[in-house]
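Novice: If you read the sequences in order, they're chains A and S.
Read left to right, the first sequence gives residues 1 to 408 (my numbering).
Read left to right, the second sequence gives residues 1001 to 1408 (my numbering).
Everything labelled a hint here was simulated from the structure, so no lab data went into it.
Glycine residues also receive a C-beta, built at the ideal position from the N, C-alpha and C atoms.
Heads up, some of the hints might be wrong.
Here are the simulated BS3-like cross-link-like pairs (lysine-lysine), alpha carbons at most 27 Å apart as the crow flies [as the list claims (entries may be wrong)]:
| hint | chain 1 | residue 1 | chain 2 | residue 2 |
| --- | --- | --- | --- | --- |
| 1 | S | Lys1330 | S | Lys1050 |
| 2 | A | Lys185 | S | Lys1246 |
| 3 | S | Lys1018 | S | Lys1348 |
| 4 | A | Lys348 | S | Lys1246 |
| 5 | A | Lys185 | A | Lys348 |
| 6 | A | Lys185 | S | Lys1405 |
| 7 | A | Lys348 | A | Lys18 |
| 8 | A | Lys18 | A | Lys50 |
| 9 | S | Lys1246 | S | Lys1018 |
| 10 | S | Lys1161 | S | Lys1185 |
| 11 | S | Lys1348 | S | Lys1161 |
| 12 | S | Lys1405 | A | Lys348 |
| 13 | S | Lys1018 | S | Lys1405 |
| 14 | S | Lys1405 | S | Lys1246 |
| 15 | A | Lys18 | A | Lys330 |
| 16 | A | Lys185 | A | Lys246 |
| 17 | A | Lys161 | S | Lys1050 |
| 18 | A | Lys298 | A | Lys348 |
| 19 | A | Lys298 | S | Lys1405 |
| 20 | S | Lys1018 | A | Lys348 |
| 21 | S | Lys1201 | S | Lys1246 |
Here chain S is said to cover these stretches of chain A; the calculated rule only asks that three of the stretch's residues, wherever they fall, bring their Cβ under 8 Å from a Cβ of chain S [unchecked claim]:
| hint | segment |
| --- | --- |
| 22 | 84–90 |
| 23 | 172–183 |
| 24 | 327–337 |
| 25 | 350–364 |
Protein chains: 2
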Amino acid sequence: MEPRLEIIAQLASETPSKIVLLVFDGLGDVPLAELGGMTPLEAARKPNLKTLAAASSLGLIDPVFPGVTPGSGPGHLGLFGYEPTAYEIGRGLIEGLGIGFAFSGDDVASRFNFATMDEAGTITDRRAGRIGSEEAAGLCARLQEAIPEIDGARVFVRAVKEHRGVAVFRKAGLGGSLPDTDPQKTGVPQLEPVGLDDRSKATAAVVRTFLRRANEVLRDRRTANTVLMRGFSTYLPLPSFLDLYKLRACAIATYPMYRGLASLAGMEVVAAGETLEDEVRALEKAWDSHTFFFIHVKKTDSYGEDGNARGKTSVIEETDRILLPAILEKRPAVLCVTGDHSTPCALKAHSWHPVPLMIHSVSAIPSAEADADFGERHCARGSLGRLRAKYLMPLLLSHAGKLVKFGA
Amino acid sequence: MEPRLEIIAQLASETPSKIVLLVFDGLGDVPLAELGGMTPLEAARKPNLKTLAAASSLGLIDPVFPGVTPGSGPGHLGLFGYEPTAYEIGRGLIEGLGIGFAFSGDDVASRFNFATMDEAGTITDRRAGRIGSEEAAGLCARLQEAIPEIDGARVFVRAVKEHRGVAVFRKAGLGGSLPDTDPQKTGVPQLEPVGLDDRSKATAAVVRTFLRRANEVLRDRRTANTVLMRGFSTYLPLPSFLDLYKLRACAIATYPMYRGLASLAGMEVVAAGETLEDEVRALEKAWDSHTFFFIHVKKTDSYGEDGNARGKTSVIEETDRILLPAILEKRPAVLCVTGDHSTPCALKAHSWHPVPLMIHSVSAIPSAEADADFGERHCARGSLGRLRAKYLMPLLLSHAGKLVKFGA
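Just chain A, same shape as in the assembly (with noise of 0.2 Å):
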């Protein structure tokens, strides 16, 4: 474990108090021209952030160091207190978790994503003209009969939504450094697996093996008739929640990768169902039985994505509206409100910007300025300063009281 956890594992005791992470996915911005030169943050009415701003203290939060852009999974790392450069955490492993799959230590996962390939084997579409979720998860079922096991490996073949789905492996011995072989454009032909080690060489077998036979069952369609396999990765629990921090922590996500991200912190994944509205009755109901309560909101990621900015600041909006009252009539002990990562309209990606980040306690530093406001400039001038995302964890941990006296 790193040095950092242990210190934090030592002196972290469990108490009553609560504490809630309210994290916005892509949340950081940069200023927009559209928005009157503010950023989606800066520019949404969000009278329950602002009244909580101006009791709380504000900064900065880099998920991995400055200048790096992270992916959703060091983003979170970084959020649950690990060193993101520490754990490779690869997609397959998340996707698996997000939609429930109980993984063993012998398991290797990839996503895969259905697609078409004309009679040369040439990928025409790597998406399989985005099938539906229903016709994708008939063609899993297909797949998961025909091939249940491959030269002593179990083989578990799941949908996930639309096009995509996750496959296991689950065999002693096998590893998980294999590169893609979807080969990221149209025109040529899938990618040989190949292993980069010994024990990846032995997955590689296998997946050969799968894809042969995949091909086979599938090759009556004219669409959809081919996978192509993504982001292997071996399973690797994290330390948890509960013996790292002493935390009875749940997870209010309602997308399947978050999900599975805290899933491997051990955190408790309740259902969430797929609105604001949804979000909050999870948290009521789960609120009497945990101490830490990590919430997720997915849509100003996706919104960021697509550089719709109005659409950004509509959902701080909503979220200020609906999920922020709910969470504030339990008065948790420490309310923490940031991001994963920033994604920029402007950019239409992840992004390395530092993250807004804002926790409300009795014993916060506010600022002293009168308009005191949750955004990136307030943030950048906060008590809290420019921290790693690291850090964060142990600051909620003291906040709420849960965190002893380090020396004597």
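Fit chain S to the given chain A structure using the hints.
Specialist: Structure of chain S alone, referenced to chain A:
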């Protein structure tokens, strides 16, 4: 390689976008009564930098870590993205690189001063009356001719400027851990060469012979009749800008030491003349063939060391007038303006104060203040916060669209 740099090297990709890093040596300062309570940077009339500041991210950088006053070597290592405490770069090496000496891996380099000693061997002038460059070059040639080799070590003696020279000892197995023989004061004899480990003891034996023979060669002279050795160092090439960052880097600097530091990082060091106008011409010539430009302005530091606040201000004003328009005309994707350390006029020396930083690009987060400017206190309130200098290069690469996402 440092793990941080390994990550950056994996994420960096070569693109045509261009980055300019303009470094004012010793830029940072403290408020001065003679400037009405402003710093030289705050007081300077710098319309181009001021306009730029209103459209740039501002912040502060610590070259090494907070509280540490860096030499020029660590100051530039940090700017170039290396952890300055991970590499010890002696002055001998830097000075040799600055005059274009072609080092090999078996070299130990040191600087020396021509000095004057009396008949008893007592040093009476540590700089031999600052003898002229021409006279010193003649003495170096005499030493080189008389001492081509010592116990299997090839000896290279090169003039630098005025009373300064470089001696290089080339033999496998020589170490570079030797204190200076320069006693740093007059009225005492030169210090004996001492090796601090086995390899360096071998070097000390060579240096003892070198000093004895040099004194013989210079015996006929009343002044400049000995040499004082300083800054012993082995040759240690850094991971190059091309390997690390995929940048075709060009250094435009007029002073040997900074040219040497840039060459150590694998930059192409181009002819840069002596004036700001010469640097403009060098930039124009190198523009098409490079993607990164390190431009060094020396005299802010020199005036800082002299305690000349108006001189320091005027260098900033001249650079604003002469260099800035030329750089802006080229429309780099990213223009960063900063310093390698602070040299406050009040201290007449390098200092530990963090250094103003400005990053201009389309994805900058400018201040919301109406009077934004490039100065110590504006930068302290800037959107970048306070960073270790080693994170600057990843930030510049990201702003230029040269770093892909880390993790899934």
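Novice: Please go over all the hints and tell whether each is borne out by the structure.
Specialist: Each hint, compared with the structure:
1. Lys1330/S - Lys1050/S: Status holds; Cα separation ~18 Å.
2. Lys185/A - Lys1246/S: holds, 24 Å
3. Lys1018/S - Lys1348/S: Outside the cut-off at roughly 35 Å; violated.
4. Lys348/A - Lys1246/S: Holds, at about 24 Å.
5. Lys185/A - Lys348/A: Given pair Lys185/A, Lys348/A holds - Cα atoms ~20 Å apart, limit 27 Å.
6. Lys185/A - Lys1405/S: Satisfied, since the Cα-Cα distance of roughly 19 Å is no more than 27 Å.
7. Lys348/A - Lys18/A: violated, 35 Å
8. Lys18/A - Lys50/A: holds, 22 Å
9. Lys1246/S - Lys1018/S: holds, 12 Å
10. Lys1161/S - Lys1185/S: Within the cut-off at roughly 21 Å; holds.
11. Lys1348/S - Lys1161/S: At roughly 23 Å apart (the allowed maximum being 27 Å), Lys1161/S and Lys1348/S satisfy the hint.
12. Lys1405/S - Lys348/A: holds, 13 Å
13. Lys1018/S - Lys1405/S: Holds: Lys1018/S and Lys1405/S sit about 20 Å apart, inside 27 Å.
14. Lys1405/S - Lys1246/S: holds, 16 Å
15. Lys18/A - Lys330/A: holds, 9 Å
16. Lys185/A - Lys246/A: With a Cα-Cα distance of about 46 Å, the restraint between Lys185/A and Lys246/A is violated, given a limit of 27 Å.
17. Lys161/A - Lys1050/S: violated, 51 Å
18. Lys298/A - Lys348/A: Measuring from Cα to Cα gives roughly 15 Å; hence the hint holds.
19. Lys298/A - Lys1405/S: Holds - the C-alpha atoms of Lys1405/S and Lys298/A are around 19 Å apart, at most 27 Å.
20. Lys1018/S - Lys348/A: Satisfied, since the Cα-Cα distance of roughly 21 Å is no more than 27 Å.
21. Lys1201/S - Lys1246/S: Outside the cut-off at roughly 40 Å; violated.
22. 84–90: Holds, because 5 residues of the segment 84–90 of chain A bring their Cβ atoms closer than 8 Å to Cβ atoms of chain S.
23. 172–183: That given contact is violated, which follows from only 0 residues of the segment 172–183 of chain A lying within Cβ reach (below 8 Å) of chain S.
24. 327–337: violated (count 0)
25. 350–364: holds (count 5)
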